[in-house]
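> Residue numbers (my numbering), protein chains in the order written: chain H, 7 to 263; chain Z, 10 to 383.
Take these hints with a grain of salt, some might be off.
Said to hold, decoys possible - One-sided and incomplete, this derived list gives chain H residues near chain Z with beta-carbon spacing under 7 Å: (1) K13; (2) Q162; (3) M163; (4) E165; (5) A166; (6) D169; (7) L170; (8) G171; (9) A172; (10) S173; (11) Q176; (12) P184.
No lab work stands behind these hints: they were computed from the structure. Idealized CB from N, CA, C, for every residue including glycine.
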Amino acid sequence: MSSTKPKPSRFYGVISALTFIMIYVPLATLVVFSFRAPTGWTFDWYTKIFSDQQIIEALGMSFFVGTVSTAISIVLGTAAALTLERTRFKGRGAFDILTHIPIIMPETVMGLSLLIWFVFLGVTLGSFSMIVAHVTFTLSYVIITVRTRLQGMDPQMEEAARDLGASPWQTFWKVTFPLVRPGIVSGGLLAFTLSFDDFLVTFFTAGAGSDTLPMKIYSMTKYGVSPEINALSTLMLVLTLVGVLVIGAREKLSSPR
Amino acid sequence: MLEVRNVSRTYGEAHALRDVSVTIQDGQFFSLLGPSGCGKTTLLRIIAGFEDPSQGQVFHKEKRIDNVPANRRRFNMVFQRYALFPHLNVKQNVAFGLQMKKTPSAEVEQRVSEMLSMVQMETYGTRGVTTLSGGQQQRVALARALVNRPEILLLDEPLSALDLKLRQQMQVELLSIQRRLKHTFIFVTHDQEEALTLSDRVAVMNKGRIEQVGTPQEIYEYPKTEFVARFIGSINVLGGEVGDGAADSLSFVGPGKRPFIIKASRDGSRPLPSFAKGTKVSLLVRPEKLKLLKSAPGPEQNTLEGTLKEVLYQGPITQLFVQPKETQGPVWVISQPNTAVTARKQFNLGEKVYVSWLPEDCLLLEKDGNGSGG
Ligand SMILES: Nc1ncnc2c1ncn2[C@@H]1O[C@H](COP(=O)(O)OP(=O)(O)OP(=O)(O)O)[C@@H](O)[C@H]1O
Ligand SMILES: [Mg+2]
Numbered sequence: 007m008s009s010t011k012p013k014p015s016r017f018y019g020v021i022s023a024l025t026f027i028m029i030y031v032p033l034a035t036l037v038v039f040s041f042r043a044p045t046g047w048t049f050d051w052y053t054k055i056f057s058d059q060q061i062i063e064a065l066g067m068s069f070f071v072g073t074v075s076t077a078i079s080i081v082l083g084t085a086a087a088l089t090l091e092r093t094r095f096k097g098r099g100a101f102d103i104l105t106h107i108p109i110i111m112p113e114t115v116m117g118l119s120l121l122i123w124f125v126f127l128g129v130t131l132g133s134f135s136m137i138v139a140h141v142t143f144t145l146s147y148v149i150i151t152v153r154t155r156l157q158g159m160d161p162q163m164e165e166a167a168r169d170l171g172a173s174p175w176q177t178f179w180k181v182t183f184p185l186v187r188p189g190i191v192s193g194g195l196l197a198f199t200l201s202f203d204d205f206l207v208t209f210f211t212a213g214a215g216s217d218t219l220p221m222k223i224y225s226m227t228k229y230g231v232s233p234e235i236n237a238l239s240t241l242m243l244v245l246t247l248v249g250v251l252v253i254g255a256r257e258k259l260s261s262p263r
Numbered sequence: 010m011l012e013v014r015n016v017s018r019t020y021g022e023a024h025a026l027r028d029v030s031v032t033i034q035d036g037q038f039f040s041l042l043g044p045s046g047c048g049k050t051t052l053l054r055i056i057a058g059f060e061d062p063s064q065g066q067v068f069h070k071e072k073r074i075d076n077v078p079a080n081r082r083r084f085n086m087v088f089q090r091y092a093l094f095p096h097l098n099v100k101q102n103v104a105f106g107l108q109m110k111k112t113p114s115a116e117v118e119q120r121v122s123e124m125l126s127m128v129q130m131e132t133y134g135t136r137g138v139t140t141l142s143g144g145q146q147q148r149v150a151l152a153r154a155l156v157n158r159p160e161i162l163l164l165d166e167p168l169s170a171l172d173l174k175l176r177q178q179m180q181v182e183l184l185s186i187q188r189r190l191k192h193t194f195i196f197v198t199h200d201q202e203e204a205l206t207l208s209d210r211v212a213v214m215n216k217g218r219i220e221q222v223g224t225p226q227e228i229y230e231y232p233k234t235e236f237v238a239r240f241i242g243s244i245n246v247l248g249g250e251v252g253d254g255a256a257d258s259l260s261f262v263g264p265g266k267r268p269f270i271i272k273a274s275r276d277g278s279r280p281l282p283s284f285a286k287g288t289k290v291s292l293l294v295r296p297e298k299l300k301l302l303k304s305a306p307g308p309e310q311n312t313l314e315g316t317l318k319e320v321l322y323q324g325p326i327t328q329l330f331v332q333p334k335e336t337q338g339p340v341w342v343i344s345q346p347n348t349a350v351t352a353r354k355q356f357n358l359g360e361k362v363y364v365s366w367l368p369e370d371c372l373l374l375e376k377d378g379n380g381s382g383g
């Protein structure tokens, strides 16, 4: 935009280039090798993973856990965001801080403490325990995105609805919800992406035979990195990328006029 | 009839309203007028039900309503920034209130289009509200409230975001709509001219209190406090104290130790004030009640000697500014209509002049602690 800004020095250019190489060359290699046959190119690795029953099951488990924990996060997160933005109560400040802590909490600590707690309560480790564990960290992201949206919304909208005879319930469904929906969708996509490729918390809270895709990939690497793993990882990469791009596009579209 | 009884509202330490009581009759165009921060919006929001009074009650048709939630009061509000729903088009915005009340859709359709044509927006039904101009949004906001046939329409500075020309046009439209529908309108404004033009009655507010309620004429001609006198229109003020009284007059001793005479107004609407001798008071005269003379008039008129400082020709009127000889206070403003007679009378700047007025045309009010005096 501004032509008065000086150009960065060559030194910064070199550093940036090296950094990008560090990040993207391995990723590119992985993608390339997933299409690599001993001679030439192939889709074989992809067809092969889709005929592997265990991989299909892990993929299904990832989708299941991701979908359910996202749905729970959306409902609880939206309710929490509304409470934080639209009401005053004792302990609101503490509640506010508590909703942010899971984001900075080391995942290992989180996973381990959940595991201890599940064992203590006698909860069988499996999809249920994983869903609960995933909600503990995806929830915060939904709360934050929905709150941001609520902050950008004119509080008089809700008053106007009440004034026109809408009950609190009607006000929510006819006015608040349509206006914060973009925030809920972004938060949900983010939650799903985070749940889908989470490894650490899942590792602590998954039971035997309830592998998610990241765990399946990890256990496959014990026998060396195969082109199959490359194909599987490429799939995950694409999925995550699509999620993030959709969030980004939505935010651009719905940013304040 | 809406009755606000002894309502106070505090926010922590701040007093937004202090013991406000006011009665608003059905079918009136009633204005709440006052400077910024005096509590107009707070009072309106308490009537609407968005805010609870800290003390006092609100009654509508003899029934207590301050504990009824906003969505159950049959009042509607036009918000200052319109607060139209951005995810709905013009028609859907206007239909919102009726739909909440589960009105049959044929009736909704009919009443919405009736209302849109009343505010001259019938061709905009399917437009998104964010694509409309300020004046158009204002009309939609008005239609959205009026379509519910509210018992009381509340308007919080609805015209303040519009430019002057549009504002004047909307004032005329508001008034004609109110005359036609005969709903009660409670209109918040800090523009005194707007309040005087539109209202049947005006409540002038100051620092959380209602200082005076009356018709525009009462408020302008017979203000009860110095604050009201100064806030509405312009007025000239002299500080002094009450002198001797007679049967039908009172004297006022001004800065020059020279007495002025005060009498009841001719129509009797303002009786002779009853102050004890020696009370500190202000004498106030509107600029249009003053005459400018080249020589001192007879003793039956009040006269102030001074120097002509400035003459501002303003088309229909001319404003003349005079520095009184006896006071160091602010200059006096005299406003003269430019009739055929006065237009020929010429005064020169710096000339010695006499400002005179009739004893019936001035006010004597208790000195106002808030006013800067002078
Ligand atoms: N929610 C609130 N919290 C704290 N103080 C408030 C609140 N609402 C109003 N006040 C205070 O109460 C007083 C009256 O406010 P109010 O909005 O009623 O004034 P107003 O007459 O409408 O002014 P304006 O012409 O500027 O709109 C102000 O001093 C304001 O700061
Ligand atoms: Mg206000």
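> The structure should be examined with respect to each hint, and the outcome stated for every one.
Do the hints match the structure? See the list:
1. K13: violated, 40 Å
2. Q162: Hint holds; Q162(H) Cβ to chain Z Cβ min 4 Å, cut 7 Å.
3. M163: Holds. Min distance 6 Å.
4. E165: holds, 6 Å
5. A166: holds, 4 Å
6. D169: Interface hint status for D169(H): holds (5 Å vs cutoff 7 Å).
7. L170: For L170(H), the interface hint holds, since the closest Cβ of chain Z sits about 4 Å away, which is under 7 Å.
8. G171: holds, 4 Å
9. A172: With a closest approach of 5 Å, the A172(H) hint holds.
10. S173: holds, 6 Å
11. Q176: Interface hint status for Q176(H): holds (6 Å vs cutoff 7 Å).
12. P184: For P184(H), the interface hint holds, since the closest Cβ of chain Z sits about 5 Å away, which is under 7 Å.
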